[in-house]
Amino acid sequence: MDPAKLASLEGLLQEIQDSNPTGHHAALPLADLKRLHFGSMVIFKDPDGNYDPTLVFENNFDGELDDYLEDLLERAAAGLHQIYSHCFDYRATGSQDREEILAFLHAHIVRPNAYHIGNVGRGVARIKQEEEMMDGIEAFLDGFAREGLEGVSPGSLRNSIQRFVESKPEWAWARQAQKRMTFAERLIPWVKLIGVGLLVLILLPLLLPFLTIYVIALRWREITDRSEIPSPEQGQIQRLARREDHIVQNHMASLCYVKPGRFRRATLRGVLWLANLVARVSYNGKLSGLDSLHFAHWVLIDNGRRLLFLTNYDGSWENYLDDFIDKAALGLTGIWSNTMDFPRTSFLVFGGARDAARFKAIARRTQAYTNVWFSAYPKLTVQGVDKNSTIREDLFRSLCETATMNWLRRF
Amino acid sequence: MVKLHRGDIQGIIFSAYSHLACASYLLLRIEDAAATRRWLTGIADKITTADGKEEVFSINLALTYCGLRKLGLNEATLNTFPIAFREGVASQNRSRILGDTNNSAPLAWDWGGDPDSIHILLLVYGKNEKALNEQLEQRKAELADSSGTVLVKELSAGRQPDSKEHFGFADGIGQPVIEGNERHEKKQRARTGHATVVKAGEFILGHVNEYGIPTTSPTVDAAYDPRRLLPRYEVPLDLRFADQSMAKDLRDLGFNGSYLVFRQLAQNVAGFWRFLDAATHGALGQSDPVARERLGAKFVGRWPSGAPLVLSPDRDNVAYKDENNFGYTATDRDGLACPIGSHIRRCNPRDSRDDDPQKSLQSVRRHRLMRRGRSYGHRISDNLVEDNVERGLHFICINADIERQFEFVQQTWINNTVFGGLRGETDPIVGNQDAGTCDGMMTVPGDPVRTRISNLRCFVMVKGGAYFFLPSINGLRYLGTLGS
Chain A
1 MDPAKLASLE
11 GLLQEIQDSN
21 PTGHHAALPL
31 ADLKRLHFGS
41 MVIFKDPDGN
51 YDPTLVFENN
61 FDGELDDYLE
71 DLLERAAAGL
81 HQIYSHCFDY
91 RATGSQDREE
101 ILAFLHAHIV
111 RPNAYHIGNV
121 GRGVARIKQE
131 EEMMDGIEAF
141 LDGFAREGLE
151 GVSPGSLRNS
161 IQRFVESKPE
171 WAWARQAQKR
181 MTFAERLIPW
191 VKLIGVGLLV
201 LILLPLLLPF
211 LTIYVIALRW
221 REITDRSEIP
231 SPEQGQIQRL
241 ARREDHIVQN
251 HMASLCYVKP
261 GRFRRATLRG
271 VLWLANLVAR
281 VSYNGKLSGL
291 DSLHFAHWVL
301 IDNGRRLLFL
311 TNYDGSWENY
321 LDDFIDKAAL
331 GLTGIWSNTM
341 DFPRTSFLVF
351 GGARDAARFK
361 AIARRTQAYT
371 NVWFSAYPKL
381 TVQGVDKNST
391 IREDLFRSLC
401 ETATMNWLRR
411 F
Chain B
1 MVKLHRGDIQ
11 GIIFSAYSHL
21 ACASYLLLRI
31 EDAAATRRWL
41 TGIADKITTA
51 DGKEEVFSIN
61 LALTYCGLRK
71 LGLNEATLNT
81 FPIAFREGVA
91 SQNRSRILGD
101 TNNSAPLAWD
111 WGGDPDSIHI
121 LLLVYGKNEK
131 ALNEQLEQRK
141 AELADSSGTV
151 LVKELSAGRQ
161 PDSKEHFGFA
171 DGIGQPVIEG
181 NERHEKKQRA
191 RTGHATVVKA
201 GEFILGHVNE
211 YGIPTTSPTV
221 DAAYDPRRLL
231 PRYEVPLDLR
241 FADQSMAKDL
251 RDLGFNGSYL
261 VFRQLAQNVA
271 GFWRFLDAAT
281 HGALGQSDPV
291 ARERLGAKFV
301 GRWPSGAPLV
311 LSPDRDNVAY
321 KDENNFGYTA
331 TDRDGLACPI
341 GSHIRRCNPR
351 DSRDDDPQKS
361 LQSVRRHRLM
371 RRGRSYGHRI
381 SDNLVEDNVE
391 RGLHFICINA
401 DIERQFEFVQ
411 QTWINNTVFG
421 GLRGETDPIV
431 GNQDAGTCDG
441 MMTVPGDPVR
451 TRISNLRCFV
461 MVKGGAYFFL
471 PSINGLRYLG
481 TLGS
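Protein chains in written order, with our numbering: chain A, 1 to 411; chain B, 1 to 484.
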């Protein structure tokens, strides 16, 4: 974007963010976009001055891109026009100039090199419907409990719940809602991952010499790479922290310099490609044991010179980073060790993030203030969405006695 | 295993001084920094250390961020302290993290709401009232005479008839053991059947923590330590922050020290028991003492004797009092015995934080607190009758990383409305029931289905608090020499 217009855009985005309730600003009513799970707008300012400020508009949406863009333009053209007027190469003359806005959007879309989705196969509408139904059943159970639960058998209680749900015409969908994923959708990512594994095994004898050279080159860089992390800066951290922990989820947007040279750029591309293969088979709500990620994107921009990371996660920032370190240290070190000043590593994936204090310091340093952020379901965690889904999916299935008891224990 | 130089470490890190029945906490404000520094130099030799046991009394001392500044510690050094400590417990960010809103908001606190009003905390313990008073008189005379400080507040934690807190439940059972402290480990094992041994760096700065590296410690440029009172900063070069490794020679101000969190928590005992009473009324509105106590136990996770619900789900059993050798995953995954949202399960999820019990235990070890709190105020005579007397807990805990330990437990476990898959509830005992995403509820799992207790109120309110730096003896001596 045009650095001369920075203050103006920051002001505009602040105004959009401050709309009450969140997401209902007249020019950019993100809450009206029925396919949008999480959306954000972030202005990244380059501390080193090598790049102009970069505006990132993050959209985690259901369905096809074209349908989504159509909806977006239908409802938010005015806001988009106002916002993108602060950017270079933007030529639309007004918010009615839809074609030009669309062309601008298309020209600037970047797809993630790697991404993760916590609740695969459930759109915004489904997630909200299931939550609503869950609230209804919980209240029904509260009433039931007031009457006394003594002597009520699990089977008859489950029957009562079923009858209660059937009595509500607005929950008619609950019986025939489609599956999260088809068999093929589950199978294909595994075939790809295993295929790649086998291919590497077969080619190993051929690859070995190259691999040896690669490892030596890597170790050399790991010993000599700069790792200069200044102590965390209080003002910056306070500004970021003030934005956090208002709902059960939080947003984190960060932009790092990839270490200079082709070696690191190629390594990072490779690692992200591999991470994406792994993420595709992680469709049960967890990525490497991390169960709090709604969405995560890793994107290489500026010809691989900068790494953009966007994520919508549950719980506090402190908890998120501790979780990352405890459960996914290898993966996260594998990715970020290719970026500037990351704590020292060995063999790409070891060390690094284990140095918790400095890892957190660099995470905060590269994190940008999220100017606009919207969540379609601010009270739900990834696990909460999953819990609602499993309860609903098993609601009309025939269950044996033990399964009925276990099903009731999920409430 | 590390060899700790105990003579340099303040005794409160290693001991709860349970043999010293009475305690008083003096909150001081510095008026004349030069006089305070002289007084600090003098008292450094009188501080109780972890070396040996004081039979009659103990004294420990800690300072707030504002206190360190007032003493004359330079800006560069102050900036090496962690942000949580610098901001102080009463700051807006900390309040949001800790859930100190509404009636617990710092604006309404009796003390500590203004961070610059408290500079020094003097913790005085005595084996009985006489020993405590003797010590207090001596200390206070000395303070008034030559310390350059004003006594802002004296908080007294009088003798209590037993180790129960005011709600009536045994407290302070589970306590981590610092690696290498074999005496404590033995004692803990004998008393509770279990000991969680944690790396020294979780509670003492300058030592290796549960991540296998030393916890970040505040440092002083060698130029500011001409008498070489402080040890060299020994953190490996590649683990230092860039701005620190630029300086050639750094001294470790935090070495053998720690951080102390102090929160005065008022307990509404009659409110608590009357709430439980109303929630367990029989069909005709009559009280049901058995159901009332059982619901209280469900809130806490232990029975009044301390017997854990996991081991004794249906009734209190003194055979299990103080028992701490249990987990959740194998025996009580769904919380049918000990509710997922109960106080002890939130404060220490043990093996239930993760699908893998071992991983869970490992990650929980990174968030442990050394609790040193004591009750204050008289016991209520009838749990169900409001007597309008203030009573509660002077909550004190020791940790090497306030954010990763105390604040984490408070935010991610106690006040987390979606903890363990729950929705819209916080800790029923100490949680903030007024938070935006909290519905004031408590789910008690059961068969055929859970019951939900609603309209929970805050039965514990924060009345004051501060974050303190608990220096080593050497560190204290160094602070006494500032400016000279």
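The hints are simulated quantities; they were obtained by calculation from the structure and are not laboratory data.
Be aware that a few hints might be false.
Each pair of labels, with its calculated beta carbon distance range [stated by the list, open to error]:
hint, chain 1, residue 1, chain 2, residue 2, range
1, B, VAL389, A, GLY121, 55 to 61 Å
2, A, LEU207, B, ARG333, 43 to 49 Å
3, A, ASP48, B, GLY42, 49 to 55 Å
Once the Cα atoms are required to be at most 20 Å apart in a straight line, the calculated EDC-like pairs of lysine to aspartate or glutamate come out as [what the hints assert, rightly or not]:
hint, chain 1, residue 1, chain 2, residue 2
4, A, LYS286, B, ASP356
5, A, LYS387, B, ASP238
6, A, LYS387, B, ASP354
7, A, LYS286, B, ASP354
8, A, LYS45, A, ASP291
9, A, LYS327, B, ASP447
10, A, LYS387, B, ASP334
11, B, LYS359, A, GLU228
12, A, LYS45, A, ASP2
13, A, LYS379, B, ASP434
14, A, LYS387, B, ASP355
15, B, LYS3, B, GLU182
16, A, LYS327, B, GLU182
17, A, LYS259, B, ASP238
18, A, LYS327, B, GLU210
19, A, LYS128, B, ASP334
20, A, LYS286, B, ASP351
21, A, LYS327, B, ASP439
22, A, LYS327, B, ASP356
23, A, LYS379, B, ASP439
24, A, LYS286, B, GLU210
25, A, LYS387, B, GLU182
26, B, LYS359, A, ASP2
27, B, LYS248, A, ASP302
In this text, a Cβ means the ideal position worked out from N, Cα and C, and glycines have one as well.
Against the structure, the hints come out as follows:
Checking the proposed 55 to 61 Å range against VAL389 (chain B) and GLY121 (chain A) shows it holds: the Cβ atoms sit about 58 Å from each other. Range check, LEU207 (chain A) to ARG333 (chain B): about 45 Å between beta-carbon atoms, so the 43 to 49 Å window is met. One distance hint, 49 to 55 Å for the beta-carbon pair ASP48 (chain A) and GLY42 (chain B), holds here, with the actual separation near 51 Å. A C-alpha spacing of about 14 Å is found between LYS286 (chain A) and ASP356 (chain B), which places the hinted pair at or below 20 Å, so the restraint holds.
For the hint pairing LYS387 (chain A) with ASP238 (chain B), the CA-to-CA distance comes to about 44 Å; that exceeds 20 Å, so the pair is violated. A distance of roughly 16 Å separates the Cα atoms of LYS387 (chain A) and ASP354 (chain B); the hinted pair therefore holds under the 20 Å criterion. The hinted pair formed by LYS286 (chain A) and ASP354 (chain B) meets the criterion: a straight-line CA distance of about 12 Å does not exceed 20 Å. Pair hint LYS45 (chain A) plus ASP291 (chain A) does not hold up; C-alpha atoms about 31 Å apart against a cutoff of 20 Å.
Only pairs whose Cα atoms come within 20 Å are accepted, and LYS327 (chain A) paired with ASP447 (chain B) is rejected, the gap being roughly 34 Å. Distance check on the hinted pair: LYS387 (chain A) and ASP334 (chain B) sit about 14 Å apart at the alpha-carbon level, within 20 Å; holds. Restraint check for LYS359 (chain B) and GLU228 (chain A): not satisfied, since their Cα atoms lie roughly 31 Å apart, outside the 20 Å limit. For the suggested pair LYS45 (chain A) and ASP2 (chain A), the alpha carbons sit about 11 Å apart, so the restraint of at most 20 Å is met.
Restraint check: the Cα-Cα separation between LYS379 (chain A) and ASP434 (chain B) comes to about 16 Å, which is no more than 20 Å; the hinted pair holds. A threshold of 20 Å between alpha carbons decides the hint, and for LYS387 (chain A) with ASP355 (chain B) the separation of about 15 Å falls inside it, so the pair holds. At roughly 12 Å between alpha-carbon atoms, LYS3 (chain B) and GLU182 (chain B) fall within 20 Å of each other, so this suggested pair holds. Restraint check for LYS327 (chain A) and GLU182 (chain B): the C-alpha separation of about 31 Å exceeds 20 Å, so the hint is violated.
Between LYS259 (chain A) and ASP238 (chain B) the CA atoms are separated by roughly 18 Å; this keeps the pair inside 20 Å, and the hint holds. Between the alpha carbons of LYS327 (chain A) and GLU210 (chain B) the distance comes to roughly 14 Å, so the proposed pair stays at or under 20 Å and holds. Proposed proximity of LYS128 (chain A) and ASP334 (chain B) is contradicted: the alpha carbons are some 25 Å apart, above 20 Å. A threshold of 20 Å between alpha carbons decides the hint, and for LYS286 (chain A) with ASP351 (chain B) the separation of about 19 Å falls inside it, so the pair holds.
The straight-line distance between the Cα atoms of LYS327 (chain A) and ASP439 (chain B) is roughly 31 Å, outside the 20 Å bound, and the hint therefore fails. Between LYS327 (chain A) and ASP356 (chain B), the direct Cα distance comes to roughly 11 Å. Compliance with the 20 Å bound is thereby established for this hinted pair. Of the pairs offered as hints, the one joining LYS379 (chain A) and ASP439 (chain B) holds, with about 11 Å between alpha carbons and a cut-off of 20 Å not exceeded. This hinted pair does not check out: LYS286 (chain A) and GLU210 (chain B) have alpha carbons roughly 25 Å apart, beyond 20 Å.
Taking the CA atoms of LYS387 (chain A) and GLU182 (chain B), the gap is near 44 Å; set against the 20 Å cutoff, the hint is violated. The suggested pairing of LYS359 (chain B) with ASP2 (chain A) is violated, with an alpha-carbon distance near 48 Å, which exceeds 20 Å. With a C-alpha separation of about 38 Å, the suggested pair LYS248 (chain B) and ASP302 (chain A) falls outside the 20 Å cut-off, and the hint is violated.
The structure is inconsistent with the numbered hints 5, 8, 9, 11, 16, 19, 21, 24, 25, 26 and 27, although it conforms to all the rest.
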